[in-house]
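Colleague: In order, the protein sequences belong to chains L and X.
Heads up: the first sequence begins at 1 in the working numbering, then just goes up one per residue.
Heads up: the second sequence begins at 1 in the working numbering, then just goes up one per residue.
Please note that the accuracy of each hint is not assured.
[As the list claims (entries may be wrong)] Only pairs whose alpha carbons sit at most 27 angstroms apart, straight line, appear in this in silico DSS-like list of lysine-lysine:
1. Lys125/L <-> Lys178/X
2. Lys94/L <-> Lys198/X
3. Lys123/L <-> Lys198/X
4. Lys123/L <-> Lys49/L
5. Lys141/X <-> Lys119/L
6. Lys119/L <-> Lys89/X
[Claimed, not checked] Cβ pair distances, simulated, as ranges:
7. Lys198/X <-> Val100/L: 23 to 31 angstroms
8. Asn201/X <-> Asn97/L: 57 to 65 angstroms
9. Gln93/L <-> Asp216/X: 39 to 47 angstroms
10. Asp122/L <-> Thr208/X: 23 to 31 angstroms
11. Lys198/X <-> Asp30/L: 37 to 45 angstroms
12. Lys49/L <-> Thr208/X: 27 to 35 angstroms
13. Asn201/X <-> Ile84/L: 43 to 51 angstroms
14. Gln93/L <-> Asn232/X: 36 to 44 angstroms
15. Asp122/L <-> Glu27/X: 38 to 46 angstroms
16. Ala215/X <-> Lys87/L: 58 to 66 angstroms
17. Lys198/X <-> Asp72/L: 25 to 33 angstroms
[Said to hold, decoys possible] Here chain L is said to cover these stretches of chain X; the calculated rule only asks that three of the stretch's residues, wherever they fall, bring their Cβ under 8 angstroms from a Cβ of chain L:
18. 96-106
19. 125-131
Note that these hints are calculated values from the structure, not bench results.
Glycine residues also receive a C-beta, built at the ideal position from the N, C-alpha and C atoms.
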Amino acid sequence: MTVDTIKNGIVIDHITAGLGMKIYSLLRLDELDCSVAFIKNAPSRKMGKKDIIKIDADIDLKADILGYIDPDVTVNIIKDGNIIEKKQIALPQKLENVIVCKNPRCITTTEQELPQVFKLTDKEKRVYRCIYCESKAK
Amino acid sequence: MRSLIDIAELSLSEIDSLLNTANDIIENPAKYAEKCKGKKLATLFFEPSTRTRLSFEAAMYELGGNVLGFSEAQSSSSAKGESVADTAKTVSCYADIIAMRHPKEGAPLVASMNATVPVINAGDGGHNHPTQTLADLLTIKREKGGFDNLTVGFCGDLKFGRTVHSLITALRRYNNVKFIFISPNELRVPEYIRESLKQDNFEVFETTDLEAVMADLDVLYMTRVQRERFFNEEEYLRLKDSYILTPEKLETAKQSLSVMHPLPRVNEISVAIDSDPRACYFKQVLNGKYMRMALILMLLEVK
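Start from the sequences and build out the full structure, keeping to the hints where you can.
Modeller: So this is what it looks like as C-alpha cells:
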C-alpha cells in the first residue's frame, strides 16, 4: 500500500500496532481540515508491525498525549518534502486534561471546572496518579 | 507562604521541630499565650467533626488568637453551589490561616491553590489527615521515646482510614519500622500504599487475625469502620464489628504496648480498656491540640 509523501507536516512513526486509532482520536485529528493518513499494521523491520499517522500540515502536536499513550513513537517534522527534525517522545511528567479521575470521592467529580491533572509517580510501570486524590489513572 | 495538605510535605527535621515546640508548649504554656494575638483562624468544616474542629479552635485560643468559620456545609455558601476555590479566595480576605475539612478528596489542595493564606488539611474524605498524624507522632514520641525499630499494627478500616494513610506516610521515614496491617479483605490498605511500601523494600505483613499478631506489637492503632465512607449500608453492617478490642484480647500483648485510636470510637475498643495504662487514645486528643498549636505557629511564621 502506498500513501503519498507529504510536503510540509508531521509523520508520527513507530506507533505500537493497535494504538494508532487511540492517538488519532485523542489528538482530535478528525477535526483537522488537512489530509490525514492513518496506516494500520504497516510492516516494520524493528517492530514487526506498526501504525503510522501522516498529517499534511504543521500542527501543534500535544506531546503529552502522545507520550502517555505510546512513548516509543517517533515524530518526524517534514519541511519541503524533507525530514528536518526527528523527535523522540518521552513519558510526560504531567498530564493535564488528557484523562479523567474515576474516583467517585475525588473533588474533580463535584467541581468539574477543575483541570484534571495527573502526575507520573512510577516511570517504570508508567503509573499516573491524580494530584488531588492520588488515585491511579485507569 | 506555606500550607499543609499532606504529612509528606514536612521534612523529618520540621516534624522534629514541631514535636519540640509542642513539648515546650506543654512545659511552658504561658510563654505561648499571646503568640497569635490579633490573628484569626478560619475553620471551614464541610463535614461533621467534634475533635478536630474544637482542637483547632482551642489551639488558636490558647495562642491568644481568634476563630471564625462554620461546622457544616449546609451553613456555608457551598450549599448554594460555591466552589472550594471561591470559598478559599473569599475566606482569605477574613482570616490569617484556614483549617479545612471536606468530604471530597483533594478539596484542601484546591483551597491551598487558591487561598492567599496558609491552608491546613483537617481531613479530606478517606484520603489524608495530617494534623491527626502530628497528634499520633507526638503521642508515640512521648510514649515510646522515638520512632525507630517500632512494630506498628494498624487494625480495622485501613482502606478508607485517612489517619492510617497519613501515619504510614510519616512512620515509613524512620528506621526499621515494621508495619502489620490487620483488616477484613474488603478494607485492606489501598493498593497505592502497599505498592509504594514494597517498592521501598518494606516488609508488608497483612492478616485478618488481630490476636495472632498481638504479641509482636509495640503500637496498636485501632480504627473505626466508618459508615459515611460506604455507598452500601449492607456492606457497612457486615463489616462494622470485624474487630473489637477487649481486655481478654490484650492478654498476650506487651506491657509496653500503646493502644491508639484517632477517635471517635463506636465499639471497636471496649470501654473496659480505658483504664488500662496501655490506652493512649485520650492522650492523643490532648497531644493533637499541642501539635496544632505548634503547626499554626510554624505556618504563620510566628517566632
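Colleague: Next, verify each hint and record whether it holds.
Modeller: The hints, checked one at a time:
no. : hint                                      : in the structure
1   : Lys125/L <-> Lys178/X                     : 26 angstroms, holds
2   : Lys94/L <-> Lys198/X                      : 24 angstroms, holds
3   : Lys123/L <-> Lys198/X                     : 16 angstroms, holds
4   : Lys123/L <-> Lys49/L                      : 25 angstroms, holds
5   : Lys141/X <-> Lys119/L                     : 34 angstroms, violated
6   : Lys119/L <-> Lys89/X                      : 25 angstroms, holds
7   : Lys198/X <-> Val100/L: 23 to 31 angstroms : 28 angstroms, holds
8   : Asn201/X <-> Asn97/L: 57 to 65 angstroms  : 36 angstroms, violated
9   : Gln93/L <-> Asp216/X: 39 to 47 angstroms  : 41 angstroms, holds
10  : Asp122/L <-> Thr208/X: 23 to 31 angstroms : 28 angstroms, holds
11  : Lys198/X <-> Asp30/L: 37 to 45 angstroms  : 42 angstroms, holds
12  : Lys49/L <-> Thr208/X: 27 to 35 angstroms  : 48 angstroms, violated
13  : Asn201/X <-> Ile84/L: 43 to 51 angstroms  : 47 angstroms, holds
14  : Gln93/L <-> Asn232/X: 36 to 44 angstroms  : 37 angstroms, holds
15  : Asp122/L <-> Glu27/X: 38 to 46 angstroms  : 44 angstroms, holds
16  : Ala215/X <-> Lys87/L: 58 to 66 angstroms  : 60 angstroms, holds
17  : Lys198/X <-> Asp72/L: 25 to 33 angstroms  : 27 angstroms, holds
18  : 96-106                                    : holds (count 5)
19  : 125-131                                   : holds (count 3)
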